[in-house]
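As you go down the protein sequences, you meet chains A and B in turn. No gaps in the numbering here: position 61 of the first sequence is 61 in this note's numbering, and each next residue is one more. No gaps in the numbering here: position 95 of the second sequence is 95 in this note's numbering, and each next residue is one more.
Because the hints were derived from the structure by calculation, they are not lab data. For every residue, glycine included, the Cβ atom is placed at its ideal position computed from N, Cα and C. Accuracy of the hints is not assured; some may be wrong.
[Claimed, not checked] Once the Cα atoms are required to be at most 30 Å apart in a straight line, the calculated DSS-like pairs of lysine-lysine come out as:
hint: 1; chain 1: A; residue 1: Lys126; chain 2: B; residue 2: Lys31
hint: 2; chain 1: A; residue 1: Lys99; chain 2: A; residue 2: Lys8
hint: 3; chain 1: A; residue 1: Lys126; chain 2: A; residue 2: Lys14
hint: 4; chain 1: A; residue 1: Lys14; chain 2: B; residue 2: Lys31
hint: 5; chain 1: A; residue 1: Lys99; chain 2: A; residue 2: Lys14
hint: 6; chain 1: A; residue 1: Lys190; chain 2: A; residue 2: Lys99
hint: 7; chain 1: A; residue 1: Lys119; chain 2: B; residue 2: Lys69
hint: 8; chain 1: A; residue 1: Lys8; chain 2: A; residue 2: Lys119
hint: 9; chain 1: A; residue 1: Lys55; chain 2: B; residue 2: Lys31
[Unchecked claim] Just a few of them, taken from the derived set where beta-carbon distance is under 7 Å, the chain B residues facing chain A:
hint: 10; residue: Arg10
hint: 11; residue: Phe16
hint: 12; residue: Asp33
hint: 13; residue: Pro40
hint: 14; residue: Lys53
hint: 15; residue: Leu56
hint: 16; residue: Thr71
hint: 17; residue: Val74
hint: 18; residue: Phe76
hint: 19; residue: Val86
hint: 20; residue: Ala87
hint: 21; residue: Phe88
hint: 22; residue: Thr89
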Amino acid sequence: MAESHTIKHHPALKHHFDTMEQQREAGTIGMWVFLLTEIMFFGGLFLAYIIYRAKYPAGFEAASNTLDVYLGGFNTVVLILSSLTMAMSVYCAQTGKQKMLIVYLVLTLILGSVFLGVKAVEYEHKFEHHLFPAVGFYDWTHEPGHDPQLADQARIFLWLYFAMTGLHALHMVVGAGMLLVLIYFAWRGKYSPEYHAPIELGGLYWHFVDIVWIFLFPLLYLLGFHLGGH
Amino acid sequence: MSQEHIVSVRVYVLIFLALMVLTAATVITAKYDLTVIWGPLNAIVALTIAVIKATLVVLYFMHVRYSSKLTQVVVFSGVLWLIIMVAFTMMDYLTRHGWPEPNL
Numbered sequence: 001m002a003e004s005h006t007i008k009h010h011p012a013l014k015h016h017f018d019t020m021e022q023q024r025e026a027g028t029i030g031m032w033v034f035l036l037t038e039i040m041f042f043g044g045l046f047l048a049y050i051i052y053r054a055k056y057p058a059g060f061e062a063a064s065n066t067l068d069v070y071l072g073g074f075n076t077v078v079l080i081l082s083s084l085t086m087a088m089s090v091y092c093a094q095t096g097k098q099k100m101l102i103v104y105l106v107l108t109l110i111l112g113s114v115f116l117g118v119k120a121v122e123y124e125h126k127f128e129h130h131l132f133p134a135v136g137f138y139d140w141t142h143e144p145g146h147d148p149q150l151a152d153q154a155r156i157f158l159w160l161y162f163a164m165t166g167l168h169a170l171h172m173v174v175g176a177g178m179l180l181v182l183i184y185f186a187w188r189g190k191y192s193p194e195y196h197a198p199i200e201l202g203g204l205y206w207h208f209v210d211i212v213w214i215f216l217f218p219l220l221y222l223l224g225f226h227l228g229g230h
Numbered sequence: 001m002s003q004e005h006i007v008s009v010r011v012y013v014l015i016f017l018a019l020m021v022l023t024a025a026t027v028i029t030a031k032y033d034l035t036v037i038w039g040p041l042n043a044i045v046a047l048t049i050a051v052i053k054a055t056l057v058v059l060y061f062m063h064v065r066y067s068s069k070l071t072q073v074v075v076f077s078g079v080l081w082l083i084i085m086v087a088f089t090m091m092d093y094l095t096r097h098g099w100p101e102p103n104l
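Looking at chain A on its own, in the form it has when it is part of the complex:
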């Protein structure tokens, strides 16, 4: 009878779960449900983009050409590489490689910071050229060669550009904060092959942010590339 009180289980197992597997499964589904709300949230912006692009193709192509394809492409490579290092940190957590887990988490954080740095440079260029769509600031004809007739259409594109990449960058900042917490607890030796749910779920979040960018890059940067973008 006393047996039932002495069953050993992992200290991270919460009392409302029977097994670690069940706890992990519940966590994974919970994280995915959160990510689905994020998909619908970004989906609204993608929908706005689709509607206005269908309506104003000329202005969208012209405004897309003000973006730097090479900076955007560089950031795409950086972000996909950071997804690889994040996946590797999950692997290290699963196989009990404590030191390499910290190395890969730090690498992911560094790559995420590089992405945000490049983004900041891009935003600065847009402000320099008066392409930030604010009242009294936005000036499409500030640049020579811009068709004044497309000013209002291009403005819609630039508004969507700042809204979508801004929200994406905000998710990156949240992800960087999350990585700092994960690095701290990994350094304290909290994660093991038996318990590493925070690494796994943090990975899901990081990869989701990567997927958003996988769609943002062609839709925003490559749209007018065939018309002689730079």
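Chain A is fixed; fit chain B onto it per the hints.
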């Protein structure tokens, strides 16, 4: 309840390389004016490549290929709802006679 599946380093690196090749492909194809063949062709090629890349990330980096059926249904339902939102909205917009002009 299945035991956790550990994806090998080799699979992760292969998926990363595939994503790099697809990124190069999307930039190269965007450089060419495919609209002379068919109006929306540039957009279709770019979106097809993006969907393939996203699918690779979801299946391998996010382990959905190795997850339980329940997790897979949850993920698929989210994609389905996104398609419903976009498709039904565009059915409305694309069948209207002229949208209101912007008054900015």
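Results of checking the hints against the structure:
{"no.": "1", "hint": "A:Lys126 x B:Lys31", "in the structure": "23 Å, holds"}
{"no.": "2", "hint": "A:Lys99 x A:Lys8", "in the structure": "28 Å, holds"}
{"no.": "3", "hint": "A:Lys126 x A:Lys14", "in the structure": "50 Å, violated"}
{"no.": "4", "hint": "A:Lys14 x B:Lys31", "in the structure": "54 Å, violated"}
{"no.": "5", "hint": "A:Lys99 x A:Lys14", "in the structure": "27 Å, holds"}
{"no.": "6", "hint": "A:Lys190 x A:Lys99", "in the structure": "12 Å, holds"}
{"no.": "7", "hint": "A:Lys119 x B:Lys69", "in the structure": "38 Å, violated"}
{"no.": "8", "hint": "A:Lys8 x A:Lys119", "in the structure": "50 Å, violated"}
{"no.": "9", "hint": "A:Lys55 x B:Lys31", "in the structure": "23 Å, holds"}
{"no.": "10", "hint": "Arg10", "in the structure": "11 Å, violated"}
{"no.": "11", "hint": "Phe16", "in the structure": "4 Å, holds"}
{"no.": "12", "hint": "Asp33", "in the structure": "4 Å, holds"}
{"no.": "13", "hint": "Pro40", "in the structure": "10 Å, violated"}
{"no.": "14", "hint": "Lys53", "in the structure": "5 Å, holds"}
{"no.": "15", "hint": "Leu56", "in the structure": "10 Å, violated"}
{"no.": "16", "hint": "Thr71", "in the structure": "6 Å, holds"}
{"no.": "17", "hint": "Val74", "in the structure": "5 Å, holds"}
{"no.": "18", "hint": "Phe76", "in the structure": "10 Å, violated"}
{"no.": "19", "hint": "Val86", "in the structure": "6 Å, holds"}
{"no.": "20", "hint": "Ala87", "in the structure": "10 Å, violated"}
{"no.": "21", "hint": "Phe88", "in the structure": "10 Å, violated"}
{"no.": "22", "hint": "Thr89", "in the structure": "6 Å, holds"}
Of the hints listed earlier, those the structure fails to meet are numbers 3, 4, 7, 8, 10, 13, 15, 18, 20 and 21, in rising order.
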